[in-house]
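Quick note, the sequences are listed as chains A and B, same order.
With the first sequence counted from 1, adding 1191 to any position gets you our numbering.
With the second sequence counted from 1, adding 11 to any position gets you our numbering.
These aren't lab readings, by the way, just hints derived from the structure by calculation.
Treat the hints with care, since some could be wrong.
Chain B regions said to be covered by chain A (calculated; three or more residues, Cβ under 8 Å) [said to hold, decoys possible]:
1) 38-48
2) 277-285
Now the in silico label distances, taken between C-beta atoms and shown as ranges [what the hints assert, rightly or not]:
3) B:F70 to A:E1352: 42 to 48 Å
4) A:A1288 to B:G390: 44 to 50 Å
5) B:T364 to A:R1234: 24 to 30 Å
6) B:S182 to A:E1352: 55 to 61 Å
7) B:T309 to A:D1397: 56 to 62 Å
The model shown is predicted, which means the values in this text are computed figures rather than measured ones.
Don't be surprised by glycine CBs; every beta carbon is placed ideally from N, CA and C.
The lines below spell out each chain.
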Amino acid sequence: MSAESGLSPRVGTASGAEPKLAPRLSIEAKGLRKVYVDPRRGRVEALCGLDLDCRAGEVYGLLGPNGAGKTTTLRVLATLLAPTSGTARVDGIDVAADPLEVRRRIGFLSGTTGLYPRLTPRETLTYFGRLHGIEAGELERRIDGLLDRFGMREYANARCEGLSTGQRQKVSIARAVLHDPPVLILDEPTTGLDVLASSAMIEFIDSRRSAGTCILFSTHVLSEAERLCDRIGVIFQGRLLAVGTLDELQQRTGKPWLADIFLELVRRAGGAADVG
Amino acid sequence: MRNAGSSPAAPAFLAATLRVAWKELATSFRDRQTTFYTLVLPIVLYPFLFWSMIQVSLFLEGRGEITEVAVGIAAPQPSIVPPGLGAGLEQPPGSSREGEDAAAEAARRELNRVHALPERAPLDEAGARAWVARGSASEAAEEPTIRPDAVVYVHEDEAGVRDGLRVLYDSTRTDSKIALSRITRRIPAYATELRASAADAADPGGGSLEPFVREPARNVAPQPAIGAYLLSTVLPVLFVLMTVMGAFFPAVDLTCGERERRTMETTLLLPIPRSAVHLGKILAVCAAALIATGLNLTALALSAEHLLRMLPAASKIEVQLPVRAMLQVAPLLLLFAFFVSSVLTGISSLARTFKEGQALLGPVQILFVLPGLAGSLPGVEITPFLASIPVVNVVLCFRNLLRGDLGLLEYAVAAASLAALSIAAIGMSLWLLSRESLHLSETGSAWTNLRGLLLSSKGSR
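Work the whole structure out from these sequences, hints included.
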């Protein structure tokens, strides 16, 4: 991404090429557990000692069925939930010890991070930018860059409640990357989007990888994971069943397609019936 | 969790809080419902309400004045009917008014007219009742008569001597009620006339029957004090009502409304302490409540002043807000607004949807309003004990400050009580708002959320 877009490149890896993994861990979780009490379901163990690591310039895909713990993992890393035990570090910062600093260093996007309907895209970006402590002149420059980069000029001053789903998604992306975070956490970012908007999102993820950002994202869409991910982690019942590149997972399971790999891993974990 | 390693300094915290508050306030007033109830309604409601009241009152009064009523006189025997009773009932009360010209007096006499029907005697009371009810004194009406709107029935005792007058009327007929009202006002004047005639006839001289002239009572209270007293009876309780109503919609909108709009997660991702986010919301609710209250009171005062000017009896009353008293009471009002905003914001955060939040805050509103009404009851005087009771203390302190008789001790107790409660309410509200079991809850009712909250101890920063 060029300086014109308001975002600066971090590591010079080329999209489509063999990923050149930076040595530094951007996300590191060890023995992460999350237990909560649901008034209806009782005690729920959403994460059972999950280990996860993700490097700068890497796209890490978290795959799993509904209720596997994907969203909980991402929410813990984004400081939206506090871990019951275990440790998690984002860009070297412990999420439990300094959640505020973690929030400053991440861009988070999910289906439930809605836009303020009564603010315009420009106001939304200004609001977040000022709270990120970006100086007024610099903020203006970045916002203009993002409006151009995502083609949002036309509706920059219209209230978000009147925007289409695709337009909203663009504003959400701009909001998530406005402060140029070293880590992006995306929870099923293409869910509910049409083909064009999904394509724009995939293009965006690819561009951020090129800029050296660490991207951790969860998805249901296996083709997206195959296309984008440097490494894939398969999560099931709060545990990581396997982690590796697509080649590594193919070798480990003897299956050529990611869908089959996923089902084979779940079957081995004894949960095929649940996934069914 | 340990303390945050990157806690911002106090000025940065305050700046972040104010930025959140400003954004929340601005977006609140972009909501049509909030704007309508907070800004438009007070500006339009009171003038419209007072204008309607005056119009309806004038209409009813005018309609009553131009209505001529027919009054019958009946008695068991003709001899006991007092002399000139019919003329007495037709005579409008009061003599010529000061400065009133002949034409005006004639016009006045054309109003409130009573037409006395020919006496019917002998007639028993049952017949008199039937006369009012059906227009004839018996089932088989032998003669067509005018149906009276009311009948003055003259009683006799066992010896056949006049005993008393009873007015018979029909409460289901408007004209009958008008007739009752006119008769009730005219009979005493007629009785006084009879007494004067009798006294004149028997006066022994020397003014013994009228030892002194009774002059009208005179109010020695200065006009501004009367105005302040009037204000003190209505303003404090209105302040409580309006603050609670003003905080209602913003509190719901900024908590469960945000959850319903699916922007709670976005807000929780703000790179500032969660306490700053939640405090900003409370500040926004408080500001909205104060704006709504200010507008309400201003609109009410202007409308009331206009109304008072239209009423001849009240035209001399000076109703002006005493600036000094308002400045003295301002800290208490501010603390109260904080208290209300914190409580409403905290409780509405239990709800999942806007509708559920409204239902939840309905009874909470009453919890504020009832003590406010209790504090405004006549005879309730402020004591150090009452000054410590929330809501009641605001009403009583406000009332006494307007009247200029509030002791320093009571003021200090009320201020301390409100400050402590505000801090406790803000603390409670921040605790509720920071529960992760609440702010990311997507299912369950307010009660389920509360139960989950009690079972879970996780907060977020």
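For each hint, the structure was consulted:
no. : hint                          : in the structure
1   : 38-48                         : holds (count 3)
2   : 277-285                       : holds (count 7)
3   : B:F70 to A:E1352: 42 to 48 Å  : 45 Å, holds
4   : A:A1288 to B:G390: 44 to 50 Å : 59 Å, violated
5   : B:T364 to A:R1234: 24 to 30 Å : 27 Å, holds
6   : B:S182 to A:E1352: 55 to 61 Å : 57 Å, holds
7   : B:T309 to A:D1397: 56 to 62 Å : 58 Å, holds
Against the hints set out earlier in the document, a violation occurs for number 4 only.
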